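Just so you know, the protein sequences line up as chains A and B, in that order.
Remember, my numbering sits 419 above the position in the first sequence when you count from 1.
Remember, my numbering sits 2 above the position in the second sequence when you count from 1.
For the record, the hints were derived by calculation from the structure and aren't laboratory data.
Bear in mind that the values here come from a model prediction, so they are computed numbers and not experimental data.
Backbone N, C-alpha and C fix where the C-beta goes; we use that ideal spot for every residue, glycine too.
Treat each hint with caution, since some may be false.
[Stated by the list, open to error] Just the calculated beta-carbon pair ranges, DEER-fashion:
hint, chain 1, residue 1, chain 2, residue 2, range
1, A, K671, B, E80, 37 to 43 Å
2, B, D54, A, D533, 26 to 32 Å
3, A, R513, B, A5, 53 to 59 Å
4, A, A646, B, G72, 41 to 47 Å
5, A, P644, B, G55, 49 to 55 Å
[As the list claims (entries may be wrong)] Derived coverage of chain A by chain B (criterion: at least 3 residues anywhere in the stretch with Cβ under 8 Å from a Cβ of chain B; other residues may be distant):
hint, segment
6, 494-506
7, 622-633
[Said to hold, decoys possible] If you want the ones that stay clear, here's a sample from chain A, every Cβ over 10 Å from chain B, calculated:
hint, residue
8, P458
9, V468
10, N512
11, R513
12, E517
13, L571
14, T584
15, F669
16, K670
17, G673
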Amino acid sequence: VHTTSSFRALSYGFAVHADDAGLGRRVDDLFAALRDPGPIEHCYTLTSVMSPSAPVGGRSCASARVDVTRDGHLVAECQRAPDALGWLLWDVNRSAAEASGQHLLFHAGAVQADRSGVLLAGPSGSGKSTLCAALALAGLAYLSDELVALDLDTGWLLPYPKPITLKPGPGISALRDLDPARSDALTEPGAGADEERHVPVGDGGVGRIAGPCAPSFVVLPCYQPGAPTTLTSLTQTQAFMQLATNIVNFKKLGDAAIVALGALVARCECAALTMSDLREARSLVLDFVKAPVLEVDRGR
Amino acid sequence: VDAEWPDRNSVPRRRPGSAGVELDDNLAVYDDVGQHLILLNAGAAAVWERCDGTTSFRDLVAGLTRAHSGESPSAIEEDVWRTVRQLAEMGLVDDAGEDSTPG
C-alpha cells in the first residue's frame, strides 16, 4: 500500500492510499504542487478489485477495476487506472470548491506574468486549460487551470496548482508543436489518444507555481475552430457580465460576489480572446499582459 | 405589486443590504430573492439609488425632473413610475411603509 503525501487544494486537505504502489506514486507526482504539511482532513483510497469475468476462448479470466472512495464512501468504480485518476481529480475539484466557499470561486484558469495575475475564465471547452498550459510553457507561473479562488479581503488570486487537464483533441498536438522539447511532459502513462490527460505542474512538470497575486488582467478565451484568432478589449460591463456566468458560488455569496467582481473588473484590463491558433493566441495574450518574452519563439 | 403602486405618497426603498456596482454607465445589482444579477442602465440606476426609504415618490420625481429640466415632467413621472414598479417586481425595491414588497 502506498500512502501519498498530504495535499491541500485551497481549503481542502486530503491524502490518498493506493494498494497499487505505482498508481500511488503517480498520484504523488500529479499532486506534487499541492503538497502541504497541514492536517489531513479527508482520505481517498484507490483499491484494485479483482472480479471474475465471462470466459474468453474457453478460459475463465479475471479483470481488475479500481474503486475510488473518499472517507469510506464510494466515488466511482473505474475500469482503468487513468479513469480512477480522473475521478479522483474530479472529486478533489468538487470538494475544494465546496470547502472554499469563503472565497469568490471562478470556473477559470489563472497564470502570473511578472507580478500580475491573469484570470482566464470560460466554460468547459473554451480552451482555458490548453491556454494555461501554453502560457506555462512560455514561462508564466501557474495558479490553476480550472478553479480559481479570489480572496474577498485582499482581492488577490490564490493558487490551486492542480494538474492541468487536457481534453483529447487538437490542443495537445498544438502544445507539442509549441514546445517539442517538453512534449514528454504532456503525456500521461496509460492514457489513449482519445482520452483526457492530466499533466503534472511545477518541478518535474509543466511550468512553475505562482504564489497569491493581485489580478491585473482578465482574458475570456473562446475556442472556435477556423475562426481568426483575435483579442478584443471589453468594457467593464461586458467583462463583469461574462465573468458572472463563470462564478461557481454566486448564489452563496450574493452581494459580496458582485462587490468583489466589480472591484476585479475595475482594477483589470479585460479582453475576449477568440482562438483557433494556439501559437497566435499565446502571443496575443503575452503582448496583452506585457509579459517578457521568455521561452517563446514568436517568430515561427 | 398593487396595480396602483406607487402612488405619490409611497416611499420606495432599496432592498436593505443590497449592493450596486457601478460599471461604465450601468449599475449591476444582485436580487437575492430571485437570485438574479440585474444590470440597470443609467436611468434605472438613478431611480434605484434615489429609493432610499425616506424620499416619497412625489419628491423622487421632483428631484429627477429638476435634473432633467428639458424633458416633460409628466413623461418623467410616467417613466419613474414604471421603473419603480419594475424594480419592485424584481425584488430590488419595496415600500418603506410595508414589511415586505407591496401587494
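| Which hints from the list above does the structure break, by number from lowest to highest? | 2, 3, 6, 7, 15, 16 and 17
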